[in-house]
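Just so you know, the protein sequences line up as chains A and B, in that order. Once you know that position 70 of the first sequence is 70 in my numbering, the rest is easy, because the numbers rise by one and skip nothing. To convert a position in the second sequence, counted from 1, into my numbering, add 1000.
If you are wondering where the hints come from, they were derived from the structure by calculation, not from laboratory data. Check before you lean on any hint, since a few could be wrong.
Said to hold, decoys possible - Sample of chain B residues at the chain A side, in silico, Cβ under 8 Å:
#, residue
1, P1392
2, H1520
3, A1546
4, I1558
5, N1561
6, Y1789
To be verified - Calculated cross-link-like contacts (lysine to any residue; reagent style SDA-like; alpha-carbon spacing at most 20 Å):
#, chain 1, residue 1, chain 2, residue 2
7, A, K13, A, E121
8, B, K1518, A, N74
9, B, K1464, B, D1379
10, A, K23, B, D1379
11, B, K1518, A, E72
12, A, K26, B, D1379
13, B, K1147, B, I1202
For clarity, every value in this text was computed on a predicted model and none was experimentally measured. In this text, a Cβ means the ideal position worked out from N, Cα and C, and glycines have one as well.
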Amino acid sequence: MKTKEPIEEIAVKTWFKAAPTEKFPKNAGACIKYKDQQIAVFNFTRENKWYACQNLCPHKMEMVLSRGMIGEENGEPKVACPLHKNTFSLKTGESLTGACDAITTFPVKIEAGFVWVGFTE
Amino acid sequence: MKTIVVVGNGMVGYKFCEKFVAQANKENYRLVVFGEEPRVAYDRVHLSEFFENGDAERLSLAPRSWYDENGIELHIHERVTEIQRANKKITTSLGTSYSYDTLVMATGSAPFVPPIRGVEKKGVFVYRTIEDLEETLAYAETVKGGKAAILGGGLLGLEAAKAVMDMGLEPHVVEFAPKLMPRQLDTRSSKVLQVKLESMGINVHLSKATNQILGNGCITGMEFGEDDILDVDMLVVSAGIRPRDELGKSCGLEMGTRGGIVVNDQMRTSDPHILAIGEVALYNQMIYGLVAPGYEMAQVAVDQILGVSDTRMAAEIDMSTKLKLIGVDVASFGTPFMPPEKGHSIIFENKTESLYKRINVTHDGKKLLGGILVGDAADYNMLLQLYQNEMPLPENPEDLILGSRGGGPSSFGSAMDLPDTAVVCSCEAVTKGDICCAVLDDGNESVKAVSKATKATTGCGGCKPMVVDLVTESLKSLGKTVKVQLCEHFEYSRQELFDIVKLKDIQDYDELLDLVGKGHGCEVCKPAVAAIFASIYNETANKQPAIQDTNDRYLANIQRNGTYSVVPRVAGGEITPKQLMAMGRIAQKYDLYTKITGGQRIDMFGAQLHELPLIWEELIAEGFETGQAYGKSLRTVKSCVGSTWCRYGMDESVSFAVEIEHRYKGIRSPHKFKGGVSGCIRECAEARCKDFGFIAVEGGWNVYVAGNGGANPKHAELLAEKVDKETAIKYIDRYIMYYIKTAQPLTRTAAWLEKLEGGITYLQNVVINDSLGIAAALDAEMQALVDSYKCEWKEAIETPEIRERYSHFVNSDDTDESIEFVSLREQKMPKEWA
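Start from the sequences, fold in the hints, and give me the full structure.
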């Protein structure tokens, strides 16, 4: 299993202005397009936090994670892939069910009612 | 540093590695393993599952990475070809040499192919490895619909018979002995099994000695004697095993006269540096072709090599087995056949139900010596324990197989009555004492934790019910209540949460979580709670989308490539030509793959997220409504054509099916549920495979409950006989409502009824005799659900905020370009997974 280092805010070169916050459902995900990439963005209202990660589930390589349910396991925020319920940490991208490679996570900030996602390039 | 070389990576070879790395200090040993097969050790016992899912990896005992993580040097697809005992070296098929300090032979066995004339012909196979299976499968494709013989009516032969049946061939089991499973079963039980197998389409030919295999190049038949020929297109030989002892022979180890490497009770061969375990080892002049003794040998070998304890193999090896053969329970333990001078037998036989139970007891009736169970082996674990621990029997030993009559307590007593030394999990040799200690001393508080700590239930899983009892009872003795808990966020069972939501009139998931839960929820509790809201308020999934599984959230079934399928309701399977054409037009417009489902409706696949509202808008305009194929809810009510057309029909099954499907449509439940209505006892609608079913008989309807197809097929049980339609509906109303209120999440009705104390009789009392006094409430709750139905897709397309959910990106109108299709028989399918 591969692990990945989450992208830290300090390493961000580009902040991408994705969409107004009200476009994102509460306690659930939505998908945004940045260049050719698909990024899943989660509005974790209960934690009052936002998370972003790749939309691709590494298990079967399908663009579906934004449609997964979010939740928490021993305090670790997570997303469950809608296809086979593999779960991933929204903080570190690590596979919590243990069967998959880690996913890439991205920093998110809210400014002036908009969701911004950070990229290193 | 000592080097241990293991020759063979089969089940026993793997078990040796597992036990070795668990006990050995890694610094002191180097473990090198060779396997000749192209894949890592897999579960041969469940080989026939490979046919069902075609997934070889799922059979693996451990992934390749496990060997790396544990510092084991694994060489697969590399056979050991020579052992030089003088300088303690081996050479492999790749020509490489390795030195060893200790060598462990776990080469297993090969199928025995009797020297019958013509056995080399094409179409003759053996049944042992995944490769054997793949070859057989490829050949079976070329003779599909033909006949296949299985030579050998033992345990493996019958497994192979199931496999060839699954390949689409007509199976014929040919056995030399006058009975099936001659090693495990007596003549009468074998007959019971035979009748059962024949009823399932497996032909049995006994007392047949095969003279030659017929055919010119390819097999066309088998000849047993003059004018005694069986025409077949394929043959699978399963006539026993022979140890793979050629390496032992060539390096001069002591061998048995009929093969096998001789070992002592320390598993050592005639060379003290070489041990042999599993099916290659000849112990007590016997080869043990079962996995449990093989695992025991692995443990003995590990202990002997590490020198930590002088474990020895028991002088007598228990050959007790229990297995599910083609869905039929078969078990035999202790001394299954017994000469009359040793004791007497108590036999219960019921051929119409395919049941046979035999126990052998001592003359004084005090001790159990052995027995045989066919058709129902639920009591096997307890009987085995009574036998192994020589426990005293009840006053009337027949109670053990017939159940105590007169309503007294169970004749077995509780699992807690067993001595601490009783082996509960024979695969991993875990005793009752181990399990109770794991709870009482080590503080494990769940079956999961105990399994992890002791490994009990991780083998065949047959001991699970007993382990559950032991854990539950041990916890109780500590004064702890055992709770069925939904997940880490709710310390309540589904039934308790159902009552809380209802009594406190809670309308919203977050409200419930704040009130009686903790944390922020997860993918287990969210959909379970969503189903509770739906069952109580009949709210559609549109109201709280974030707590729905993806299927409910988008009101469609997600498929392999993240696209969805669309299934409109076709109640009772009745559809007009006009509706068919409309559906065809819409499917063609959106380029959807279409297929008739098992529930008599039409499934349209390959719709992208943004297309769903467009497709439904057109379907609804044509008069269709949602079929809830995505929900844990009523799927379909299957019907035969009934007395409206059929010359045998006793009543109008289609009309009844349409009515009942419209009655229950949209109702959310702990799991999906299905119905069936047959117009006569020919049962063309397969109503007895459904969660509820009606069959028209002279004088009314027979009402069945709690059947299902799927992974664990179960025939429905009779709830009421010859009742009129209104009564039939009333009973099913109450039954479904009671199920909705009391079942655990994702539990089908069959599993729910099995767990319901008192079973079908209890259910009859609740539903028919109103023993709990809740019938009126159940009626009212069901009627409220029926009255508040609405089509959630109509709601979705008419509500702009809901429609907005159906776009792939929130910041772009682009669609998902990563989805790829390939063509398939003039339609399309998702591109294969990478």
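Structure-based check of all given hints:
no.: 1; hint: P1392; result: violated (47 Å)
no.: 2; hint: H1520; result: holds (4 Å)
no.: 3; hint: A1546; result: holds (4 Å)
no.: 4; hint: I1558; result: holds (6 Å)
no.: 5; hint: N1561; result: holds (6 Å)
no.: 6; hint: Y1789; result: violated (26 Å)
no.: 7; hint: A/K13 - A/E121; result: holds (6 Å)
no.: 8; hint: B/K1518 - A/N74; result: holds (10 Å)
no.: 9; hint: B/K1464 - B/D1379; result: holds (13 Å)
no.: 10; hint: A/K23 - B/D1379; result: violated (59 Å)
no.: 11; hint: B/K1518 - A/E72; result: holds (10 Å)
no.: 12; hint: A/K26 - B/D1379; result: violated (52 Å)
no.: 13; hint: B/K1147 - B/I1202; result: holds (11 Å)
Taken one by one, the earlier hints fail for this structure at numbers 1, 6, 10 and 12, listed in ascending order.
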